[in-house]
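A.B. asks: For reference, the chains in residue letters:
Protein chains: 2
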Amino acid sequence: MAESEALLNKQALMTEKAGLGKLFSPKSVAVVGASREKGKVGHTVLRNLINHGFSGKIYPVNPQAKSILGKKCFPSLLEIPGEVDLAVFAIPAEAVVATFEQCGGKNIPASIIISAGFKESGRKGASLEAKLAQKAAEDNIRVLGPNCLGVIDTSSSVNATFAAGMPPKGNIGFFSQSGALCTAILDWAIGEGIGFSKFVSLGNKLDIDETDMLRAMGEDEHTEVILGYLEGVKDGVRFLEAAGSVTQRKPVIMLKSGGTEAGARAASSHTGSLAGSEKAFAAAFTQSGIIRAVAIEDLFEYARAFSSRRYPKGNRVAIVTNAGGPAIIASDAVERSSLRMASFEKETIESLRTSLPPSANVYNPVDLIGDAKHDRYAAALEAVLKDPNVDGVFVIFTPQAMSGPEEVARAVARCGSNGKPILPVFMGGPAVEGSAEILSKASMPNYRYPEPAISAMEAMVRYETWRARPAPEYKSFSVDKKQVQRLLEEAWASGQTEIGEYTAREIISAYGFKVPGSVIANNVSDAEFIAEKIGFPVVLKIASPDILHKSDFGGVRVGVRSREEVREVFHEMKERVKRLLPDADLWGISVQEMIQGGKEVIIGMVRDPQFGPVVMFGLGGIYVEIMKDVAFRIAPLSIDNAQEMVREIKSFPLLQGARGEKPVHIEAIVEALLRFSQLVTDFPEIYEMDINPLKVFPQGREPVALDARLALKRNEVSQ
Amino acid sequence: MAESEALLNKQALMTEKAGLGKLFSPKSVAVVGASREKGKVGHTVLRNLINHGFSGKIYPVNPQAKSILGKKCFPSLLEIPGEVDLAVFAIPAEAVVATFEQCGGKNIPASIIISAGFKESGRKGASLEAKLAQKAAEDNIRVLGPNCLGVIDTSSSVNATFAAGMPPKGNIGFFSQSGALCTAILDWAIGEGIGFSKFVSLGNKLDIDETDMLRAMGEDEHTEVILGYLEGVKDGVRFLEAAGSVTQRKPVIMLKSGGTEAGARAASSHTGSLAGSEKAFAAAFTQSGIIRAVAIEDLFEYARAFSSRRYPKGNRVAIVTNAGGPAIIASDAVERSSLRMASFEKETIESLRTSLPPSANVYNPVDLIGDAKHDRYAAALEAVLKDPNVDGVFVIFTPQAMSGPEEVARAVARCGSNGKPILPVFMGGPAVEGSAEILSKASMPNYRYPEPAISAMEAMVRYETWRARPAPEYKSFSVDKKQVQRLLEEAWASGQTEIGEYTAREIISAYGFKVPGSVIANNVSDAEFIAEKIGFPVVLKIASPDILHKSDFGGVRVGVRSREEVREVFHEMKERVKRLLPDADLWGISVQEMIQGGKEVIIGMVRDPQFGPVVMFGLGGIYVEIMKDVAFRIAPLSIDNAQEMVREIKSFPLLQGARGEKPVHIEAIVEALLRFSQLVTDFPEIYEMDINPLKVFPQGREPVALDARLALKRNEVSQ
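From first to last, the protein sequence lines stand for chains H and F.
Residue numbers for the first sequence follow the numbering used here, so the first one is 10 and each next one is one higher.
Residue numbers for the second sequence follow the numbering used here, so the first one is 10 and each next one is one higher.
Looking at chain H on its own, in the form it has when it is part of the complex (with noise of 0.2 Å):
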């Protein structure tokens, strides 16, 4: 299944675009497995296909009818008169394989398995949907699912699905790994009246998948805002790819499942054991600027908010309101969240108070006081929208006797042409409904509570942020790259995986980290030779391949500060090692400079099965291991991943030289992270290391790593 796998990514990447075109335009749609029977999913997909306003041909395939719904059936794809852009499979799995050849007969670009009974059901379906893939991949055919509920379509009125119903026509394009959700949510969408432009179900995924989801609705012009939900990606760093230039121009809004994997990983490393495919699709969310949602109704909220299309330039924002206390909710929320209340100018503040009453308050929160009428929140609205200090406005209304809900809305509504963005907040049930009515109508989404407006207010800034971002720009160092290849072969030469401090050193050596002079003594005559020539105090460590743990081990003493305390120190470690390790390769003991001062950082990386290098920065100690405040990125890091990681941090500040210290060279830091990055990306065999403590010191001073550790991993996870 593998080697199939394999061969049909290969072709999907050769013909990119070929194929999803007739996936949601077809001319003429095939169903194989049309059925007479109402409730079959057979009968629904052609119904659905008939009854949304399709212009194209519809041919229904069964042997055992002459028509349905009053279409004429043919007995197979074969018999059919004129081309097929489109077959839909509504059989068994096993009848699916027998039949899907038909495709290649006909030359059908594209098709559509809704059938269950593939990989999700066992070994037996796995196989079956190998041969599948393998057909497929020899015809050329884009395959939809399978186990899925199909495509909806509403600007070339597809309706390919066996679902309940047709969402209205919209901008926001929706794909799912999830049949179930797309149910709810279509469902959903019709009682809200929520617009949609494309909707898919991706089901197993045996071709067609999230990347070719996301670039073919990239590429739609009626598609605005993506929406998605994933459970997995097919392949991490062509998903990243494609999503950092889709979300250039739209915004991509995911909600991504199955992060929680408590103890998956068995790690070897600080970094493998706080990474994890959750941190691996965080950073990659935040790399490719795709918009997280935690929650379905985030997916919502935000997709209502961004379907709208105008988005804030900043994160200040204004509350207009009719009702003091809803105001001081929806201000808290504002001050937890990462938006700031604006500033009014004083030309605001004295148009506001020229036309609101004297009890208003005419400073933000506006409050426009319970006997508030159109007239109030439209000046009100006008003034504030106009403030240059001013992103982003939230209207909030609660209902009160005499004051209109709809005509307010209609006033709200009529701002909408400022180009900036209104989150009207309407607060209440029937009174209400028919504002949100009014306003669903001129693009702005109502909101029953402040908070997931704000939320979603949010989201639109950080998606903002991300368009506005300069080009991200990469560094290479010049480095020493065919040691490090040299180290390595010989590290698996000799059937190592876990490569420890002597030659890990070398490795970073050769990217440019800085190491403590350190030689390897034999005998205690040289120890006493090297300390003396590096200058006490000096650090004494067991050199031994076969001793990774060497602290542990009590082969690490520091501070060591005469002639007589090597001698002592060296024979000590030399019997330690006899007496519990006498099997050990041990090379020596080796004398190094005692680096004092500084701070302990460590940087990181392993490597995600889909992502690839995941790099990890923290400060050390207690800092990682118990705070677990650290950062990720992939890498290749950019220079902007490199400086937010290292500002990401909580304990941040202590670099910045707290307590009245000076403070750390921070560019040093994005340097190493910078080497790191390259050094990971250019041995895909390195699966996880450690640099761990990296000392860091105000400017002036370079880096030294202390230590460092990787394990080696061939192929196997190689992208």
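Honestly, the hints are just simulated from the structure, not real lab data.
Please note that the accuracy of each hint is not assured.
Same chains, same names: a pair is fine if it fits in one copy or spans any two.
[Claimed, not checked] Derived BS3-like pairs (lysine-lysine); straight-line CA-CA distance at most 27 Å:
| hint | residue 1 | residue 2 |
| --- | --- | --- |
| 1 | Lys559 | Lys322 |
| 2 | Lys637 | Lys671 |
| 3 | Lys80 | Lys429 |
| 4 | Lys722 | Lys559 |
| 5 | Lys659 | Lys355 |
| 6 | Lys140 | Lys49 |
| 7 | Lys49 | Lys382 |
| 8 | Lys671 | Lys559 |
| 9 | Lys144 | Lys559 |
| 10 | Lys47 | Lys382 |
Given the structure is predicted, the values throughout are model-derived calculations rather than measurements.
With chain H's structure known, arrange chain F on it following the hints.
C.D. replies: Just chain F now, kept in the frame of chain H:
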């Protein structure tokens, strides 16, 4: 005004329950300002009283009318023939003051003042309100408002508000400091069919406040869940006491706003800069078992779950679903929460295997597969509810072809009798509306998404944990209170409001804190002699009441190791004072035992104007200053409070002995917190206080307070 308020508070306390019965269940109600004109408040109030089934007498009061809405009108309260239990005022503020005394004349025990134009409108209104308060106190009349929406009581069919409707009968009691929030919530409740017992708008809280409401609803047999919105409390201590007792019987869910107060307090201590009214409220809610809603949505979603009155005995939950995707999303959300996915007993798995098709997943989450009908839901729910490892269940349903949402809802509703909470998540729009209604009738709130259901279940677990906890124990230490009294009086007498180390150490010593041995030396030879007696190394410090920030001044030297060094440092310090602060009162140089080893913690207190002494605990240095990793509770602390504080901080593992260190003696810290609590409770004039650092050690060695400071303020904030 302050005096009349104090008088009123006193009176309110004396007649705690008097009048509130008449407010909620009057036999007769007069509406002062009843109006014939539609849309006027005085008209709406009268109509609401008449239209919602109130069986008592209704008296419109209006000198200009003969009758309104078919009720005979009276020119004044005094001319009403029978007794009046409740007077509702809907006339301008000035007129209220003039008319209010008729209540006294007529012996009316309760009143609602709907009219605005009082304290909220400025100085003039505040003086009107003060007059009203005085009259109410003199005549012993309970007052709700002014500036409020009024009161609804569904069990006595009283709707004395100008709101647009009446909520269904139910078991939720709601009170709110914001009238607008009332109208919005009322409208929702009506739209979604959520039942209320009482619905109260507090307004300006001239008399009746949140504590009165908490008590009244706590005793009300129709109220099983109490919901509230607060912007502040009138008397924190009284509120806490009431809350602590009510939450033993009924859940109390509160939304508190106005939490952000950046820099409101000019802080002179660490604790002062980290504590604040927001922290005090959070601690108060925790300590009195109030469930805190962070967003308006929580208030609802929690209330819906709690109103079923089926609470989980633990945090182990099961998920039963007909769809994989939403179940994965839900499991993720469970893992992120304080809930845990239950592990089923063998019998449960066997029973599920027997009743479900082979493709179903019989482990948690139980996946019934897309074609599941009500029978599978019933069988699975029955099995799962029986399992002793399951404390609560989420039932997820997504609309699928032929799945019969309403039958499934009925099957779920039938399982309600088991006693364990079931929170249904029927996802979708129109397709599940019927189900939601069926579930609602069986006291099962339907949730549109899994995440809010999970939050609601968490809140219920927290509540059950609170209810099941043993009664709090307090510990009183035998201390030298008189000594502290004497020291504080001396400080007052000399005009000191900030007390530094020398007096502070005497104060904490009197409460059982160990302090380092220390003697003030007046000359060099004394200093040398004392240092030798104490034993080297020692700490030398400038001893002056005028130099509080000794370290910053360069007035502390640790690790002084010899007589020579003592001599040198002594001269240096004296010189420094002479040069820089020639007028300072220099007591001498203190020679102090140097405490080596141990960990530094900080214990502090700042007095909150509403709740009194807020005690803080954290690890010293960067943990407090940069990571802001601290815990708060309001004193007096129970033993459990102190235990929780130590364990609540993120850096707790450091005290437990991370990285191979010996654990610190936690009980010694708990005792220190309790002694500190006793001290700040005994002396309300201590306004702010830090013991920083307190050095703590492994078992066997007592903590030592290295430094302490406190600030005094008299009476202003004493409760």
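A.B. asks: Work down the list of hints and note, for each, if the structure agrees.
C.D. replies: These are the hints, each one checked on the structure:
With identical chains, the CA atoms of Lys559 and Lys322 are never at most 27 Å apart, being 54 Å at best within one copy and 48 Å at best between copies. In this homomeric assembly, Lys637 and Lys671 come within 27 Å of each other (Cα to Cα) both inside a single copy, at 25 Å, and across copies, at 21 Å. Proximity of Lys80 and Lys429 under a CA criterion of 27 Å is satisfied in neither setting, with 50 Å inside one chain copy and 53 Å between copies. Taking the closest pair of Cα atoms, Lys722 and Lys559 come within 27 Å of each other only inside a single copy of the chain (23 Å); across copies the shortest separation is 57 Å, beyond that limit.
Taking identical chains as interchangeable, the C-alpha atoms of Lys659 and Lys355 are never at most 27 Å apart, the minima being 37 Å within one chain and 45 Å between chains. In the homo-oligomer, the alpha carbons of Lys140 and Lys49 lie at most 27 Å apart inside one protomer (26 Å), although the nearest pairing across protomers, at 76 Å, exceeds that limit. When the C-alpha separation of Lys49 and Lys382 is checked against a cutoff of 27 Å, the pair qualifies only between copies, where the shortest distance is 16 Å, while the shortest distance within a copy is 54 Å. For the identical chains of this complex, Lys671 and Lys559 are inter-copy neighbours only, at 21 Å across copies versus 32 Å inside a copy, given an alpha-carbon limit of 27 Å.
For the identical chains of this complex, Lys144 and Lys559 are neighbours neither inside a copy (56 Å) nor across copies (82 Å), given an alpha-carbon limit of 27 Å. Within a single copy, Lys47 and Lys382 get their C-alpha atoms only as close as 52 Å, which misses the 27 Å cut-off; across copies the closest is 17 Å, which meets it.
Hint compliance for this structure: hints 1, 3, 5, 9 are not met, and every other hint is.
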